[in-house]
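Enquirer: Using the sequences and the accompanying hints, generate a full structural model.
Those protein sequence lines, which keep their order, are chains A and B. If you count by the numbering used here, then the first sequence holds residues 987 to 1099, one letter each, in order. If you count by the numbering used here, then the second sequence holds residues 189 to 301, one letter each, in order.
Calculated directly from the structure, the hints in this document are not laboratory data. You may find that some hints are simply not true.
Said to hold, decoys possible - Using 27 angstroms as the maximum straight-line C-alpha spacing, the simulated DSSO-like pairs for lysine-lysine come out as follows: (1) B:K259 to A:K1026; (2) B:K293 to A:K1008; (3) B:K245 to B:K230; (4) A:K1008 to B:K259; (5) B:K210 to B:K293.
Claimed, not checked - Facing chain A, from chain B, some residues (calculated, C-beta under 7 angstroms): (6) P232; (7) L234; (8) F277; (9) Q288; (10) F291; (11) K293; (12) G294; (13) K296.
Said to hold, decoys possible - Residues from chain B that keep clear of chain A, each with C-beta distances beyond 10 angstroms, as calculated: (14) N191; (15) E193; (16) T198; (17) Q202; (18) V208; (19) H260; (20) S273; (21) S281; (22) S298; (23) P301.
Everything numeric in this text was worked out from a predicted model, so none of it was measured. Just so you know, even glycine gets a beta-carbon here, dropped at the ideal spot from N, CA and C.
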Amino acid sequence: ETGVTQTPRHLVMGMTNKKSLKCEQHLGHNAMYWYKQSAKKPLELMFVYNFKEQTENNSVPSRFSPECPNSSHLFLHLHTLQPEDSALYLCASSQESGSYEQYFGPGTRLTVT
Amino acid sequence: GENVEQHPSTLSVQEGDSAVIKCTYSDSASNYFPWYKQELGKRPQLIIDIRSNVGEKKDQRIAVTLNKTAKHFSLHITETQPEDSAVYFCAASEEAGSYQLTFGKGTKLSVIP
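Expert: Structure, rendered in C-alpha cells:
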C-alpha cells in the first residue's frame, strides 16, 4: 500500500525539541488531513486542507503547526510538545474534502519524553 | 458541531455468528456515513459507506442501515470470520463548512474461532 506514505514511522522527542512529520500522497487527491489517534480519543481530526487551503483547525494547540506546500505533501511541525501529545498521528487524503473516501497513511508513532 | 456515539465499545462473537455495531449522530444535516476497519497495527480502511438518500446498502457479508428520522445507523456483519477481528469506526459528515468526518470512538470486535 503506497498511496499515502508517512515519515518517520516512529519518533521519540523531548519536550524542548522541534521535529516535523511528513505525509505524501500519490493518489492525485486534493484534500489532506491530520488525525491524532490515542486510547482516550480515537481518530480525532486536527487539520483539514482542501486545494492547499486550510479549511479546518479543530482547536489544536499552537505547538502543532501544519504546512501544505502543494496538494501532494502535508507536514506537521512539532514544537515544545507535552507527554500527553504522545499518540499515533495519521495522515489521510481524499479526492476533495467532503463525502469522499479517505485513504489513511500508516501513521507516525510519537512518544514525547 | 457533530457528535457521533458508537456502541458497544467491545464485542465478542463466535465464528459464524452475526455482529451488529450501532451509531447515533446529532447533526440532522449529515448526509454521509462511512465505516472504517482498523486491524491491529494497521491503518483504517473504508469498508462500506451509505448516503442519506439510501436506507440500506449491502456488500457481501457486510451491510449498513440508516434511519435518518432516528439519526442512527448500524453495521451488520454476517457469518463472521476470525479475519473480521478489528476495531470498527463509524463516522458522519457535516453538511456545512469543510465537510469534516466526525468519528465514533470505535468498537473492538473479536471473532472467536
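Enquirer: Hint by hint, say whether it matches the structure.
Expert: Cross-check of the supplied hints:
1. B:K259 to A:K1026: 25 angstroms, holds
2. B:K293 to A:K1008: Holds, because 26 angstroms separates the two Cα atoms, which is no more than 27 angstroms.
3. B:K245 to B:K230: 26 angstroms, holds
4. A:K1008 to B:K259: 37 angstroms, violated
5. B:K210 to B:K293: The given pair, whose Cα atoms are some 12 angstroms apart, holds under the 27 angstroms limit.
6. P232: Holds. Min distance 5 angstroms.
7. L234: Check passed: Cβ of L234 (chain B) comes within 5 angstroms of chain A, closer than 7 angstroms.
8. F277: Check passed: Cβ of F277 (chain B) comes within 6 angstroms of chain A, closer than 7 angstroms.
9. Q288: Check passed: Cβ of Q288 (chain B) comes within 5 angstroms of chain A, closer than 7 angstroms.
10. F291: 4 angstroms, holds
11. K293: It holds, given that the least Cβ distance between K293 (chain B) and chain A is near 6 angstroms, below 7 angstroms.
12. G294: Holds, about 5 angstroms.
13. K296: Status violated, d = 10 angstroms.
14. N191: 13 angstroms, holds
15. E193: Label holds. Min Cβ-Cβ 13 angstroms, cutoff 10 angstroms.
16. T198: 13 angstroms, holds
17. Q202: The claim holds: Q202 (chain B) sits with its nearest Cβ about 26 angstroms from chain A, beyond 10 angstroms.
18. V208: Check passes; 20 angstroms lies beyond 10 angstroms.
19. H260: 18 angstroms, holds
20. S273: 17 angstroms, holds
21. S281: Per Cβ check, S281 (chain B) is inside 10 angstroms of chain A; nearest 5 angstroms; violated.
22. S298: Since the minimum Cβ distance to chain A is about 17 angstroms, S298 (chain B) lies beyond 10 angstroms and the statement holds.
23. P301: Answer for P301 (chain B): holds, closest chain A Cβ roughly 26 angstroms.
When each numbered hint is compared with the structure, violations occur for hints 4, 13 and 21.
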